[in-house]
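If you read the protein sequences in the order shown, they are chains V and A.
Note that our numbering gives residue 440 to position 440 of the first sequence, counting from 1, and the numbers run on in steps of one.
Note that our numbering gives residue 25 to position 25 of the second sequence, counting from 1, and the numbers run on in steps of one.
I should point out that these hints are in silico values taken from the structure, not numbers from a laboratory.
There may be inaccurate statements among the hints.
[Stated by the list, open to error] Interface residues of chain V toward chain A, partial, derived using beta-carbon atoms under 7 Å: (1) Y162; (2) R164; (3) S166; (4) G179; (5) S186; (6) E194; (7) N216; (8) R219; (9) L273.
[Said to hold, decoys possible] Derived DEER-like restraints, expressed as beta-carbon distance ranges: (10) S418/A x R83/V: 40 to 48 Å; (11) H222/V x R505/A: 54 to 62 Å; (12) D223/V x H77/A: 24 to 32 Å; (13) R440/V x P57/A: 52 to 60 Å; (14) P57/A x G207/V: 16 to 24 Å; (15) E54/A x R440/V: 48 to 56 Å; (16) K341/V x V73/A: 47 to 55 Å; (17) P79/V x A292/A: 57 to 65 Å; (18) A460/V x E54/A: 53 to 61 Å; (19) G376/V x A36/A: 40 to 48 Å.
Note that the coordinates shown come from a computational prediction; the quantities given were computed from them, not determined experimentally.
Ideal Cβ placement from N, Cα and C applies to all residues, glycine included.
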Amino acid sequence: VSVRALWALIASLMCCASGATEESGGGPGSSAPYPDRWWADHIGLDASSATTDVLAQHCAAPQPVTVAVIDTGIDYLHPDLPRTQLWVNAGEKLNGLDNDHDGYVGDLIGWNFVDGDNNPFDDAGHGTLIAGLIAAAPGGRSPGINPSARIMALKVLNAAGYGRSSDLAAAVDFARTHGARVINLSLGDAELGEVGARAVRRAIDAGVLVVAAAGNQARDTHDFGLADLDGVLTVAATDRDDRRAKFANWGRSVRIAAPGVDILGLRARGTDLIATSGAAVYRPGAASVGPEGRYYRASGTSFAAAIVSGSASLLLSCRPTLTGVEAGRLLVQSARELEPKGVNLQTGYGLLDVRAALTGDEKFWVEAQIDAVALGGSAEAPTIVVTGTTDASAFGGARLRAAPESYPDDWLDVGAPLATAVHAGKVAEFDARTLRGPHRWILELVTTNSDGKTRAARYALDLRAAP
Amino acid sequence: MNARCLTLLGALALAPAVLADPLTLGPSELRVVELAAGTDVEAFAARNGIEGFEVQPLGGGAVAVRFPMEEGVWRAHREALCSDHGVAGCSSDACLRDLGPETPAADAARAEPPAPVTEPAPEAAIFDAQLSGTDATAHAAVRVLLLPHRASLESVFGAANPAPSGAVAGAAGCPAVPGEALRGPRMASASPDGHLRLATPNGTHLEPGCWDVLVVDRCVSQRRPLSEQRPDIEPGHALLLVEARPGGKTAVGLEQFAASHGITILESTPIKALDATLVRVALTDPAGDLPAALGLLMQQPGVSAAQPEFRYQTSTHNDPFAWMNYGAQQTGADRLQLATSGAGVTVAVIDTGVDAGHAELVGRVGGGSDLTGYGTSGDRHGTAVAGLIAAAADNGIGAYGMAPEAKVVSIKACEPESPTSLGARCWSSTLARALDAAIALKLPVINMSLGGPRDPLLERLIALAASHGQLIVAAAGNAGPDGPPSYPAAYPGVLAVGAIDSHARPWPNSSRGESVAVSAAGVGVPVPVPGETYPAQLSGTSMAAAHVSGVAALLLALKPGASGTEVGLALRASARPGAGGAPALIDGCAAAARLGVAPTSCAEAPK
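Assemble the whole structure, with the sequences as input and the hints as a guide.
Structure (structure tokens):
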């Protein structure tokens, strides 16, 4: 089967899948059928002629791209994850020796850091869902976003879904030193630890794209170690209405949003992820889908991150000269703006748009982001201090303006215009008494590129809630 | 997170009267440092008082070193430790978790209808334990999961064995996708009071070799084969130990209780060593609730212990190798035999029956009592073990034993699966009576080439025998390096013997572990066969144990005043370091020297 034929096949599957009806699962409230891949056309991956043209035009000869899935392992016996979809360590043989002298004996398809052996089999079900969304072979019920992706299976989470930061560090270094171009990290917690953070930093510095899930606690990612690391592509989740999922974490580190509610993927045999995660209201087996329960439906920013990792790998397959980090920026820059408008704390630059990214210019980018707003100055002369980022591939300038929330078109310029780029620093400080009248204001930071293209970031400010 | 080790008190429900090993999960408080390439890890650990560390390679020669350290110690030493030479990163080893799934209950429209209320199905407990401590929040995170035993990657991706479609994720010989076959809970969370119980619907057949039990408290976990959690037991049978009392009236009360509770008393036999009576009973319903029955029986007057009837197996594989009687040379028995042939020493062989009429064993076998109820017999396994200990030398047939003029007392506690089978079954009750007999006979060496689950009754009798100076030599087991510990080999004080081949390489199927102290010949060794003149070649830790029992007999003949345990200690302490991960090699001459009775023949070059 030629690569072109695979693309035709995947396109036709998307078409048919979008009309498929639910055959199991669902519930009393689910009278409307849940299409298997409801999210595909939300991220510009539908079967419309436009996309097919885009793929045919820009992806005539997709190259294999290694994606490290650092997770609970993968079910490498799943029919939709055949060996063709796996990274195979060409330097290693199964002869009981460390043939490639990397300190890991028999690391043929990855490594199991939990048990310290070469068998990263998924005993929890989480990693298989992630791997399938990225790279499941065409022909199944839930084909992956990029059939040219090759999954490197690195198991750091145990059967209950927990794992050590030290194992994460070793796994990230394994991925970096064994040729992974994208690392998917659908894991985290309040702390990451310095050793783990340093390993992630090394990967980013080497041009590897590190995609992380924002988390599901509906809280600020500022307190969420991995997702808050500089340079990590942190992903929030959206639902079928393209709204931020209620559970998704938010914050200045959220870069992009992708579908993360009711996502169908591959189920590792013998697993029931929702049951083992200790869900209170759940009937065991209810999330399994299809004959023999080969598929599984779940929600979480984990799966939104996987969709972004898969899309990034697709960019790299189609545009092999990009680095991982460039592919990540291209995805962010070409994201589709969601409500509320502007770059914001909830969905970052907006919803993933693969079609736009495939044709985007990696040399062109405009950044605007408001990280925080605080009170400054003195009691007699209070000021409002705005921190954030404004930059562009050819920075032309930036300005900050404000409008009352109730009169959103009555813009008032505040602070001094900026002539130089700012990275995670002070973008403006202005007299607090400028904002007279209403309590609730919208702040907007607008970055302008030298060619006149602009990007706006917005921040909802409630003066009564200010510290 | 507070510093604590999670201890499970009594990991097994099958024997409430006698708790199995407490299961301790590892320390939860780990720290991790990144050491730059070229840093001496050992020296770093020694400087900072770090013990029990693990090293993970990072890219470019750097390593991550993680180690347990309690919060107080960490706080006090953190600054110095983190600024030590070569430290590039330094932090607590955070516990991370997966970020999905979001609980469906968060989205009411997606919530599944509650399962219909049905009659609770009868359950069979797989795991039943009480967590220590009273912290309900800490207990809440603890879970127990039943997971398929994994196949090795080699079996799936090996060059000779490309992944077949529909291949099995479980271990070899397990039903395809065992996880799918099981209906019912595979996971349980601890209750707020710390009770952790995993049960499957009764009647669900679980092959112990196909499953693992994982106890997990967030990042701290322990995975064990189900075979360790659920030992092989005789269904519906139980053993009671009834203390002897003046007048012997307790039995009457027990009979009445049994009659009114549907319990049949099968047999009552005295265990003189314990001054008690062993009562074997059967429940009317073999699939009934054994733990509950044991709990009831425990409460009866005079009953001091109640437990399942565990099953044991002899430890031999029929695995012919090249003809070679290398064991005598390897253990030093050849050289000791120039000074003694073991005359005057008697070894107890607790096994299947021994063919006392075999030409190799004529005049050497005493005892012959049958404790199995199947009758006396001359069986392959017992005859092989007896022959390795005491087969005649220079009689023109077969090979020769390690101590060719020693005697063996055959105590038949195991029944072959078929008259010509090597495989055999033994039981708690027959082994208890066999040990009682061996203790009464005051035999210095007791050979037990068999293994099975941990058993409090046998543990007690073995400790008693050891305290009398008797040496118990046991087969390490044939479960391979990753197999569960085998008992009696793993009891303290027992000399557990692993098998090696003629090149002193470890036999791949030999069990390993801390308890396996020594090794001896056990691959393709020549043994007598009942009713035949020509020997067979057998492999197994059974054979290895018999070699050591024979050497022990030689040493006892050289030093008649010594006790069995004294000889055992000498054999253990003088063993030579093994190669390729094999336990230390038995060295009869070195042991003799240690006992101060090395014959001049030991100074000669080996034959």
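Right, here's what the structure says about each hint:
Nearest Cβ of chain A to the Cβ of Y162/V: about 5 Å, under the 7 Å cut. The hint holds. A hinted interface residue such as R164/V counts as satisfied when its beta carbon comes closer than 7 Å to some beta carbon of chain A; here the least separation is about 5 Å, so the hint holds. Contact between S166/V and chain A, as hinted, is supported at the beta carbon level, the nearest pair being about 4 Å apart and thus within 7 Å. With 7 Å as the threshold, the beta carbon of G179/V stays out of range of chain A, its nearest partner Cβ sitting at about 12 Å, so the hint is violated.
A hinted interface residue such as S186/V counts as satisfied when its beta carbon comes closer than 7 Å to some beta carbon of chain A; here the least separation is about 5 Å, so the hint holds. Look at E194/V: its Cβ gets to within about 4 Å of chain A, closer than 7 Å, so that hint holds up. The beta carbon of N216/V is positioned within 7 Å of a beta carbon in chain A (closest approach about 5 Å), and the interface hint is therefore held. Contact between R219/V and chain A, as hinted, is not supported at the beta carbon level, the nearest pair being about 13 Å apart and thus beyond 7 Å.
Because the beta carbon of L273/V sits about 6 Å from the nearest beta carbon in chain A, less than 7 Å, this interface hint is met. At roughly 44 Å, the beta carbons of S418/A and R83/V sit within the given window of 40 to 48 Å. The hinted window of 54 to 62 Å between H222/V and R505/A holds, with their beta carbons roughly 59 Å apart. At about 27 Å, the CB distance of D223/V to H77/A agrees with the hint of 24 to 32 Å.
A beta carbon spacing of about 54 Å between R440/V and P57/A agrees with the range 52 to 60 Å that was offered as a hint. Checking the proposed 16 to 24 Å range against P57/A and G207/V shows it holds: the Cβ atoms sit about 21 Å from each other. Separated by about 54 Å at the C-beta atoms, E54/A and R440/V satisfy the suggested range of 48 to 56 Å. Roughly 53 Å separates the CB atoms of K341/V and V73/A, a value that falls within the hinted 47 to 55 Å.
Between P79/V and A292/A the beta carbons are some 45 Å apart, a value that contradicts the proposed interval 57 to 65 Å. Remark: the range hint 53 to 61 Å for A460/V to E54/A is contradicted by a beta-carbon distance near 48 Å. A beta carbon spacing of about 41 Å between G376/V and A36/A agrees with the range 40 to 48 Å that was offered as a hint.
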